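Peer 1: Listed here are the chains, written in short residue letters.
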Amino acid sequence: MNAKVYVTLKTGVLDSQGKAVKHSLETLNFKEVTDVRIGKFIELKLEGVTKSEAEKHVKAMCEKLLANTVIESYKFEVSE
Amino acid sequence: MDQNTKVTPEIVKKHGLSEQEYERLKKALGDREPNITELGIFSVMWSEHCSYKSSKVHLKKLPTTGPHVVQGPGENAGIVDIGDGLCVAFKMESHNHPSFIEPFQGAATGVGGILRDVFTMGARPIANLNSIRFGSPDNAKTPYLLKGVVAGIAHYGNCMGIPTVGGEVVFDECYNGNNLVNAFTAGIVKKGDIFKGFASGVGNPVIYIGSKTGRDGIHGATMASDVFGGGNEERRPTVQVGDPFTEKLLLEACLEAMKSDAIVGIQDMGAAGLTSSSFEMASRAGTGIDMDLDKVPLRETGMTPYEIMLSESQERMLAVTHVGREKEIIDIFKKWDLDAEVVGIVTDDGIMRVRQKGKVVCELPIAPLVHAAPVYERPIKKPGWQDKVQKLDLKKIAEPKNYNDTFKKLIGSPNLACKSWVYRQYDHMVGTDTVVLPGSDAAVMRIKGTNKAVALTVDCNSRWCYLDPYWGSAHAIAENARNLVASGARPLAVTDCLNFGNPERAEIMWQFEQSCLGMSEGCKQFGTPIVSGNVSFYNETGKDAIYPTPAVGMVGVIDDISKHTTQFFKDTGDVVILLGVNTNELGGSEYLKQIHNKIAGNPPHLDFEREKSLHKAVLAAIGRGIVKSAHDISDGGLAVALAECCMQDNCKMIGAEVKLEDDVRSDALLFSEAPSRIILSCSGKDADLLLTIAKSFGCPANIIGSVGGDKLKIGDLIDVGLKDIYGLWSESIKKIVS
Amino acid sequence: MKFGIVVFPGSNCDRDSFHVPTKVCGQEAVYLWHKDADLKGVDCVILPGGFSYGDYLRCGAIAKQSPVMKSVIEHAKSGGYVIGICNGFQVLTESGLLPGVLMRNTSLTFICKYIQVKVNNKTPWTNKYDAGEVITLPIAHNEGNYFCDEVTLRRLESNGQIAFKYHGENPNGALADIAGITNEKGNVLGLMPHPERISELILGGTDGLRVFESIISTKK
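Residue numbers (my numbering), protein chains in the order written: chain A, 849 to 928; chain B, 778 to 1515; chain C, -9 to 210.
Chain A extracted, bound-state conformation (with noise of 0.2 Å):
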């Protein structure tokens, strides 16, 4: 079973990173880039435990450790 596990910063928390690197984007005239948003994905491999197990694992991974809820969002999918 594997975990991907996307974390990335709430809408409306400033992301300095993203923004450097959309500053960095327009000099490279790719002026159509209007946001950029820098995350963390983590892949977690699982043994042992159903797909709902797992999910359910997995989302007390993030509240717990993967993510700082106050200022990240996560999202994850489980594949067989």
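Hint data in this document are derived by calculation from the structure and do not stem from the laboratory.
Check the hints yourself; a few may be wrong.
Unchecked claim - Calculated lysine-lysine pairs in the DSS-like style (CA-CA distance at most 25 Å, straight line):
id: 1; chain 1: B; residue 1: 1112; chain 2: C; residue 2: 25
id: 2; chain 1: C; residue 1: 13; chain 2: B; residue 2: 924
id: 3; chain 1: B; residue 1: 1462; chain 2: B; residue 2: 1436
id: 4; chain 1: C; residue 1: 25; chain 2: B; residue 2: 1036
id: 5; chain 1: B; residue 1: 1104; chain 2: C; residue 2: 25
id: 6; chain 1: B; residue 1: 1512; chain 2: A; residue 2: 867
id: 7; chain 1: C; residue 1: 103; chain 2: B; residue 2: 1512
id: 8; chain 1: C; residue 1: 13; chain 2: B; residue 2: 1340
id: 9; chain 1: B; residue 1: 924; chain 2: A; residue 2: 870
id: 10; chain 1: B; residue 1: 1436; chain 2: B; residue 2: 1185
id: 11; chain 1: C; residue 1: 25; chain 2: B; residue 2: 989
id: 12; chain 1: B; residue 1: 1511; chain 2: A; residue 2: 870
id: 13; chain 1: C; residue 1: -8; chain 2: B; residue 2: 1225
id: 14; chain 1: C; residue 1: 13; chain 2: B; residue 2: 1225
id: 15; chain 1: B; residue 1: 989; chain 2: A; residue 2: 893
id: 16; chain 1: B; residue 1: 1512; chain 2: A; residue 2: 870
Remember, it's a predicted structure, so these values are computed and weren't measured experimentally.
Here the structure of chain A is known, so what remains is to put chains B and C in place on it, guided by the hints.
Peer 2: Leaving out everything else, chains B and C in the frame of chain A:
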């Protein structure tokens, strides 16, 4: 490389061994062909980087001994005695080629390597410095390299919690294709607690410690022995990735393990990893090692003996403990969540024997191979252009009409500007020992529990070394010593990174030889032997070699910490005194380069006796407690030095007004970089005493002005508001990267 | 007063944080190993600066899971003193002992320099300062940009929980110039500047020393 790979002439060539070298290798092996692993090991051991085969004959001429030298070159780091049973272990090492290919990781692992060199000796690192050099500020690659190198140094040093307290940052076209990253670390160790890299005691276990071994950095050492150009920049996979977090654990675990008496010898796995560490440890002790690669902690599966032996994965060490004591040492490393495994045993047959899955995959007689290591006396030829570049007719150099404008241009030029953009990214206060922060002549580190401090500096004027490698290199020693003296410290010893072009070119070897001779003379004159260092050749791209750049790091001691000085003027009304003599010499100056676009002339004359009397006078005056500030005059000359006395990086400013009555041309008066000069300040009541002290050592000294106001005024030549020049001076480096 | 300095793997201001209470203030102190839940009867826990667990994932995120932190949280909840300096502040916000979060500096670079902060002297950590006193402290961090939601900010302000505010220059983009905050009861302090680095004249000043003297003075 699979163990069964056949060794063909082509493979030998790919490993950078010449035909003669291959023949030597076969002979030392007892007239047999090496297998692929053995060949790999020797391509690294006999690379320029590890073997010093081109430099050895010249390095032998350097002074390396002295009454205070506890450990000279040949160990992980050099060590000097600073009294009270304490020693300073220190070394500087280059990481030039990796930093050009991947500036962040290249610089970071450079710092990691030099830190390990120091703490393997049993010393707790107290400070990092560095000498970093980049191409012209307007070269397209410079901002990328500058940002990456500085961030990499910051990343590693900050995370380790070792303050980065000083160094030099230089820009010049000659580094466009080869930037330089020379990292320096100093540590403190009690005289009785020094560890060395000896694999002694037959039957003792050999323990692998630290990170797991992966496929990174294979053949880093041979990369450092190659000229760039022709696609070498694409060798990206060989760059190692540093993990300062693991190294921090390694540091604490090692120092804890060393407190027991279980460790016999210990060595960092640097260039050529497991190979050179085990080989060197056995070679020093005159023993052999029998190693089982199945025990080596691996990060990847299916690694061949070749890959395991040559991996340059970072944050690893090799230790030998007393037999029966291995468990207590392993437990300490496990406590710090580090891998530690017995991978071998010390033997008495002088053979390095490596097994995998029960089979011997490498069997090398150590002594014959060390003995057979190539040493070259490379051809030497003075370059045809050398005399020509030394020609300079000052009569043809027009003096500027407006010195205020000239001065502003200089103070805002990257080589003379404030380097705070760089050192603010370095944690320079962690450890709470940094008494003098970056930005003054030398960093001063207190030693807790004593009244002592250590002063540290790194410096080299490579333009002078280009114009005259002998005198340029002698100047490098003199200037470092002067920096230490200005901070109140007695110079003790030197570490050096000799960065040069391709040694297979006779002109480069001439530069190298001259440089060694010049440094040698300088070291003898100041009583500061060279106790550690390294050589980095092949710093050239296409046909363009860098300037000869013997970066010098020097360590000094302050016996009474209350008697340290900084370069900054302190109080209104203080008297400004110039020690030394102003001259007409402008050869090789930043002024000629920036204002007249000329790189020519001889470096200024260096009179050792005059320099030594200056040092004695300044140390005596500081010892009397009457010196409020001391600053050596170097890059940019007297005018720039005065500005540096007036301005600190945190907007703190105090002006000065001076009058100079020397009979020299005005541009030389302001911007000559002639040596053996220091600007002091003291309160008015102490001025006479200071002059008397200076004269008693035969050092010329004159009151030239006073401290106060918000301007820098130099005769009727310069009159600038400090606020007007502060922005030019402090923002210059930032402008390069933004 | 007995101080306990927590040592996480990657802590690097632990020895500095030990030095000031003992050698400068003459108090007792012990190190507290991260794998060990025993707080050894200390009155005040110091979470030192550094890069706990390499600062991997997020600064302080892994440290909060360690055995010692479970005890530190209990200690704080029962009114015991806890101070988190720099990385320690990050550990405190991650473990929920203090509200908010510390984000990357707006400059995107590590910053090491002296800055000025204005002190609120109505906390047990600052009672030796004058009201509104402006002092000089060093900072050295990459993630010191304090952030919290508006409700939290209003609560911090109305409860007088903001112990230190950047004065003049805000070096990292912190919300409302926040350099350090306490919890509601005041027994937990987190701050980005390093008071332990400026507690001796030889290091250029003693503006940080009074943080230690303040808390020591609360013990009768």
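Peer 1: Given the proposed pairing of residue -8(C) with residue 1225(B), does the C-alpha separation stay at or below 25 Å?
Peer 2: Holds. Residue -8(C) to residue 1225(B) sits at ~22 Å (cutoff 25 Å).
Peer 1: Next pair to validate is residue 924(B) with residue 870(A); report whether the Cα-Cα distance is within 25 Å.
Peer 2: Status holds; Cα separation ~18 Å.
Peer 1: Checking one constraint from the list: CA of residue 1104(B) to CA of residue 25(C), max 25 Å. Satisfied?
Peer 2: Distance of about 20 Å is within 25 Å: holds.
Peer 1: Does residue 1462(B) pair with residue 1436(B) here, judged by a C-alpha cut-off of 25 Å?
Peer 2: 20 Å, holds
Peer 1: Mind checking the alpha carbons of residue 1112(B) and residue 25(C) for me, to see if they're no more than 25 Å apart?
Peer 2: 9 Å, holds
Peer 1: Holds or violated: are the alpha carbons of residue 13(C) and residue 1225(B) at most 25 Å from each other?
Peer 2: 10 Å, holds
Peer 1: Are the Cα positions of residue 989(B) and residue 893(A) separated by 25 Å at most?
Peer 2: At roughly 21 Å apart (the allowed maximum being 25 Å), residue 893(A) and residue 989(B) satisfy the hint.
Peer 1: Can you confirm whether the C-alpha distance between residue 25(C) and residue 989(B) stays at or below 25 Å?
Peer 2: 23 Å, holds
Peer 1: Take a quick look at whether residue 25(C) and residue 1036(B) sit within 25 Å of each other, Cα to Cα.
Peer 2: Between residue 25(C) and residue 1036(B) the Cα gap is close to 22 Å, so the pair holds against 25 Å.
Peer 1: Take the C-alpha atoms of residue 13(C) and residue 1340(B), compute the straight-line distance between them, and say whether it is at most 25 Å.
Peer 2: Between residue 13(C) and residue 1340(B) the Cα gap is close to 22 Å, so the pair holds against 25 Å.
Peer 1: Against the 25 Å threshold, does the CA-CA distance of residue 1512(B) and residue 870(A) hold or violate the hint?
Peer 2: 20 Å, holds
Peer 1: Given the hint that residue 1511(B) pairs with residue 870(A), test it: the Cα-Cα distance must not exceed 25 Å.
Peer 2: Answer holds: residue 1511(B) to residue 870(A) is near 20 Å, not above 25 Å.
Consistency with the previously given hints fails for number 2 only.
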